[in-house]
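Here the protein sequences come in this chain order: A and B. Counted from 1, the first sequence has number 325 at position 174 by this note's numbering; the numbering is strictly sequential. Counted from 1, the second sequence has number 381 at position 187 by this note's numbering; the numbering is strictly sequential.
Source of the hints: derived by calculation from the structure; they are not laboratory data. Just to be clear, a hint being listed does not mean it is correct.
Unchecked claim - Cross-link-like lysine to aspartate or glutamate pairs, in silico, EDC-like; alpha carbons within 16 Å at most:
| id | chain 1 | residue 1 | chain 2 | residue 2 |
| --- | --- | --- | --- | --- |
| 1 | B | Lys269 | B | Asp359 |
| 2 | B | Lys319 | B | Asp350 |
| 3 | A | Lys451 | B | Asp359 |
| 4 | A | Lys451 | B | Glu338 |
| 5 | B | Lys269 | B | Asp226 |
What the hints assert, rightly or not - Derived coverage of chain B by chain A (criterion: at least 3 residues anywhere in the stretch with Cβ under 8 Å from a Cβ of chain A; other residues may be distant):
| id | segment |
| --- | --- |
| 6 | 225-239 |
| 7 | 274-283 |
| 8 | 292-298 |
| 9 | 448-457 |
By construction, the Cβ of each residue, glycine as well, lies at the ideal position given by its N, Cα and C atoms.
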Amino acid sequence: MTAASGLAVSQAVKPPVFWAPLLKDAIVAGFVAVLLALPLVGLQTYDVGGGALGIRTHFDWVAIAGAGVFCGRLGLRLLHQLYPRRTSRNAALTSLAAWGSRQVVPITIAGIAFAAALPFLPSSSRYLIDLGTTVLIYVMLGWGLNVVVGLAGLLDLGYVAFYAVGAYTFALLARDLGFSFWEALPFSGLVAASFGIILGFPVLRLRGDYLAIVTLGFGEIIRIVLLNWASATGGPNGISDIPRPTFFGLPFARSAPEGVTTFHQFFGLEFSPEHRVIFIYFVILAMALLTNAFTLRIRKLPIGRAWEALREDEVACRALGINPTTVKLSAFAIGAMFGGFAGSFFATRQGFISPESFTFIESATILAIVVLGGMGSQLGVVLAAILLVSLPEFGRAFAEFRMLIFGAAMVGVMVWRPRGLISHRAPTLRLGADPAG
Amino acid sequence: MNSATTAAETAVPLLAVEHLTMRFGGLIAVDDVSFTAYRDEITAIIGPNGAGKTTVFNCLTGFYRPSTGRLAMHKNGEILRLERIEGFRIARRAGIARTFQNIRLFAGMTGLENLIVAQHNPLMKASGFSLAGLLGLPRYRSAEQAAVERARHWLDRIGLTDRADWLAASLPYGAQRRLEIARALCTGPALLCLDEPAAGLNPRESAELNELLLSIRAEERIGILLIEHDMSVVMGISDHVIVLDYGRKIADGTPAEVRADPEVIRAYLGEDDVDGSAAPAKAVAQQQPQEPAAVSSQGQALGSRFRENDG
Numbered sequence: 152m153t154a155a156s157g158l159a160v161s162q163a164v165k166p167p168v169f170w171a172p173l174l175k176d177a178i179v180a181g182f183v184a185v186l187l188a189l190p191l192v193g194l195q196t197y198d199v200g201g202g203a204l205g206i207r208t209h210f211d212w213v214a215i216a217g218a219g220v221f222c223g224r225l226g227l228r229l230l231h232q233l234y235p236r237r238t239s240r241n242a243a244l245t246s247l248a249a250w251g252s253r254q255v256v257p258i259t260i261a262g263i264a265f266a267a268a269l270p271f272l273p274s275s276s277r278y279l280i281d282l283g284t285t286v287l288i289y290v291m292l293g294w295g296l297n298v299v300v301g302l303a304g305l306l307d308l309g310y311v312a313f314y315a316v317g318a319y320t321f322a323l324l325a326r327d328l329g330f331s332f333w334e335a336l337p338f339s340g341l342v343a344a345s346f347g348i349i350l351g352f353p354v355l356r357l358r359g360d361y362l363a364i365v366t367l368g369f370g371e372i373i374r375i376v377l378l379n380w381a382s383a384t385g386g387p388n389g390i391s392d393i394p395r396p397t398f399f400g401l402p403f404a405r406s407a408p409e410g411v412t413t414f415h416q417f418f419g420l421e422f423s424p425e426h427r428v429i430f431i432y433f434v435i436l437a438m439a440l441l442t443n444a445f446t447l448r449i450r451k452l453p454i455g456r457a458w459e460a461l462r463e464d465e466v467a468c469r470a471l472g473i474n475p476t477t478v479k480l481s482a483f484a485i486g487a488m489f490g491g492f493a494g495s496f497f498a499t500r501q502g503f504i505s506p507e508s509f510t511f512i513e514s515a516t517i518l519a520i521v522v523l524g525g526m527g528s529q530l531g532v533v534l535a536a537i538l539l540v541s542l543p544e545f546g547r548a549f550a551e552f553r554m555l556i557f558g559a560a561m562v563g564v565m566v567w568r569p570r571g572l573i574s575h576r577a578p579t580l581r582l583g584a585d586p587a588g
Numbered sequence: 195m196n197s198a199t200t201a202a203e204t205a206v207p208l209l210a211v212e213h214l215t216m217r218f219g220g221l222i223a224v225d226d227v228s229f230t231a232y233r234d235e236i237t238a239i240i241g242p243n244g245a246g247k248t249t250v251f252n253c254l255t256g257f258y259r260p261s262t263g264r265l266a267m268h269k270n271g272e273i274l275r276l277e278r279i280e281g282f283r284i285a286r287r288a289g290i291a292r293t294f295q296n297i298r299l300f301a302g303m304t305g306l307e308n309l310i311v312a313q314h315n316p317l318m319k320a321s322g323f324s325l326a327g328l329l330g331l332p333r334y335r336s337a338e339q340a341a342v343e344r345a346r347h348w349l350d351r352i353g354l355t356d357r358a359d360w361l362a363a364s365l366p367y368g369a370q371r372r373l374e375i376a377r378a379l380c381t382g383p384a385l386l387c388l389d390e391p392a393a394g395l396n397p398r399e400s401a402e403l404n405e406l407l408l409s410i411r412a413e414e415r416i417g418i419l420l421i422e423h424d425m426s427v428v429m430g431i432s433d434h435v436i437v438l439d440y441g442r443k444i445a446d447g448t449p450a451e452v453r454a455d456p457e458v459i460r461a462y463l464g465e466d467d468v469d470g471s472a473a474p475a476k477a478v479a480q481q482q483p484q485e486p487a488a489v490s491s492q493g494q495a496l497g498s499r500f501r502e503n504d505g
């Protein structure tokens with residue numbers, strides 16, 4: 152009796168394969184692939200001569216695509232049937248993420264140390280430092296948007312507006328009033344924060360999709376104003392000759408005008424254009440770290456907890472006597488302020504800004520960084536920024552497949568980690584001992 | 195809350211609702227309802243579904259602005275007119291805290307955090323609107339410590355101290371109900387409004403809830419306003435019961451009085467004929483209290499329903 156049931160169990164380990172549904176599924180997938188491939192790869196236009204276009208057909212390519220999808224789908228489903236759903240890979244990823252969230256402090260220290268050492272690594276080049284600077288701008292923007300989206304739960308699709316406001320504030324202050332980067336920085340943040348409040352007022356009663364639509368519109372309004380208000384912003388020509396940051400008043404230049412000491416003269420170094428690149432890198436690193444420190448700290452203050460409470464349940468917040476207006480506006484203002492800081496850094500780094508730099512795709516990228524990283528997770532933002540900004544760069548070798556790889560990576564993240572790379576949320580305070588140690 | 199309360203002070207109502215009416219377009223959800231609630235007392239509002247109980251609560255806690263009526267809260271010798279205070283300010287100004295029929299905890303935050311968020315306003319002041327807090331001044335740190343102690347006190351009372359760091363969403367249902375009550379109490383209210391706190395609780399949890407509410411009444415010197423369907427809770431602990439039906443107040447008195455009230459029995463058990471032949475003439479006849487058979491059988495049914503839950 153026992154032996155018989157044991158036999159049955161051992162037989163049950165190898166499940167039977169049901170071919171009919173498998174084949175049907177694979178045929179459907181192959182058919183869809185053929186349909187898609189027909190216009191995409193099956194037809195190709197070419198120049199007949201005299202400006203006319205002819206069409207070349209590649210039905211062999213269509214057949215290859217269809218057959219490839221058919222075989223791939225069949226193989227995948229077969230594997231699933233032979234080895235029923237094992238979540239080992241998923242579990243490994245999850246446990247990796249759990250390990251990551253427990254080791255936040257060592258990871259952070261290692262990350263900062265690496266970021267600080269990056270310009271001096273033997274393998275680093277000017278290109279790498281520039282890429283690092285770009286990544287850090289997005290990290291800072293991601294951290295700023297994280298306040299609004301991750302903590303306060305207000306979906307903002309127009310965050311780039313504050314980035315633009317910060318950049319133009321600095322550019323205009325520098326052009327018309329002769330402000331230097333450091334003098335203009337606080338004003339950029341302040342003006343952007345005011346714009347955050349201006350955006351905040353009309354959207355106080357909105358949530359979710361409706362809020363997203365209004366913020367999207369706000370972002371576009373700012374861009375279009377910049378584009379059309381030519382007398383102030385230079386319109387599509389933008390603003391050029393924005394002053395570069397100085398090292399406490401020492402400019403980075405080969406030769407300075409009368410009475411001004413340059414950086415390399417002051418320190419008795421050989422002039423190198425890399426000095427400025429490295430300095431700029433450290434400026435954004437410091438600004439980003441400051442943003443992070445500020446956010447981590449304010450999250451543990453009553454205002455930070457009120458943001459999170461608002462994200463969880465606005466009605467309950469009202470019943471507890473929390474003023475939703477001030478809580479929302481403060482989230483918008485502080486998020487916008489960091490966007491403004493990042494914008495003015497962007498302006499000083501590029502030396503030239505135009506509305507081209509502040510399109511919706513920027514907002515979408517920043518939001519993608521926050522969502523992919525895991526809403527509210529500071530470390531997740533860093534990982535996602537590295538992934539999203541540097542992946543297209545490394546993909547340059549693949550030329551036209553770059554965006555394809557990029558899209559596939561994003562889909563992959565959403566499939567395996569639907570709540571973001573790091574979805575763990577550390578409580579702002581604990582009664583018991585901290586298990587993370 | 196206050197140290198010494200004289201007998202005279204107790205006689206002053208904590209909350210006086212006068213002629214409260216709430217209309218939504220053509221629908222009158224609450225129709226000319228008046229009642230009073232006292233400190234150190236549990237006042238229950240009962241009534242069939244759709245009687246307007248939660249609407250009364252929403253008017254009291256500022257979620258609705260009443261169409262007409264006067265809502266007077268007596269606090270520290272002054273009279274606050276609730277209908278004139280902006281919604282979210284009622285919790286702090288008038289000291290009214292509430293819970294919700296469908297639990298509204300901050301699900302993604304821990305139990306302790308829920309209780310700390312409830313102390314937002316005093317903490318915000320102590321943090322110098324975040325400036326002192328950002329700088330980590332001792333003034334803020336001691337205020338936060340005090341807030342945590344207060345939260346710990348309530349966690350002890352509701353028996354959730356060892357699960358304080360759990361996400362609120364991961365707590366069992368009964369614990370979530372208790373946590374929501376504790377969160378309301380952390381605001382330091384003068385009047386606690388509970389919207390069906392026993393809904394979905396098993397009999398043992400219900401009994402624990404009774405105990406908790408009685409101990410709050412005994413120790414906190416606050417008034418409790420209670421909407422409840424669970425008669426074991428209502429009849430077991432209320433000092434005072436108000437019955438609403440179709441937006442009107444149909445009875446007001448001690449649990450024993452309300453239980454015996456024919457109007458209440460009719461509202462709860464309906465007035466249709468028991469054996470199903472709902473002839474109009476008979477229905478009219480039934481409204482007369484002289485119809486002995488029907489009323490007494492209904493009365494017994496309701497009475498036994500109350501009795502079996504009384505223990």
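Each hint, compared with the structure:
1. Taken as a hint, the lysine 269 of chain B and aspartate 359 of chain B pair is broken in the structure, with Cα atoms around 35 Å apart against an allowance of 16 Å.
2. Note on lysine 319 of chain B and aspartate 350 of chain B: the hinted pairing is violated, with a Cα-Cα distance of about 26 Å set against a maximum of 16 Å.
3. For the hint pairing lysine 451 of chain A with aspartate 359 of chain B, the CA-to-CA distance comes to about 15 Å; that is within 16 Å, so the pair holds.
4. For the proposed pair lysine 451 of chain A and glutamate 338 of chain B, the alpha carbon gap of about 10 Å is at most 16 Å, so the pair holds.
5. Pair hint lysine 269 of chain B plus aspartate 226 of chain B does not hold up; C-alpha atoms about 24 Å apart against a cutoff of 16 Å.
6. Note: the segment 225-239 of chain B has 0 residues with beta-carbon separation from chain A under 8 Å; the three-residue rule is not met and the coverage is violated.
7. Given a C-beta distance limit of less than 8 Å, the hint that chain A covers the segment 274-283 of chain B holds, as 3 residues qualify and 3 suffice.
8. Judged by the Cβ-Cβ criterion of 8 Å, the segment 292-298 of chain B is covered by chain A as claimed, because 3 of its residues qualify and three suffice.
9. Judged by the Cβ-Cβ criterion of 8 Å, the segment 448-457 of chain B is not covered by chain A as claimed, because only 0 of its residues qualify and three are needed.
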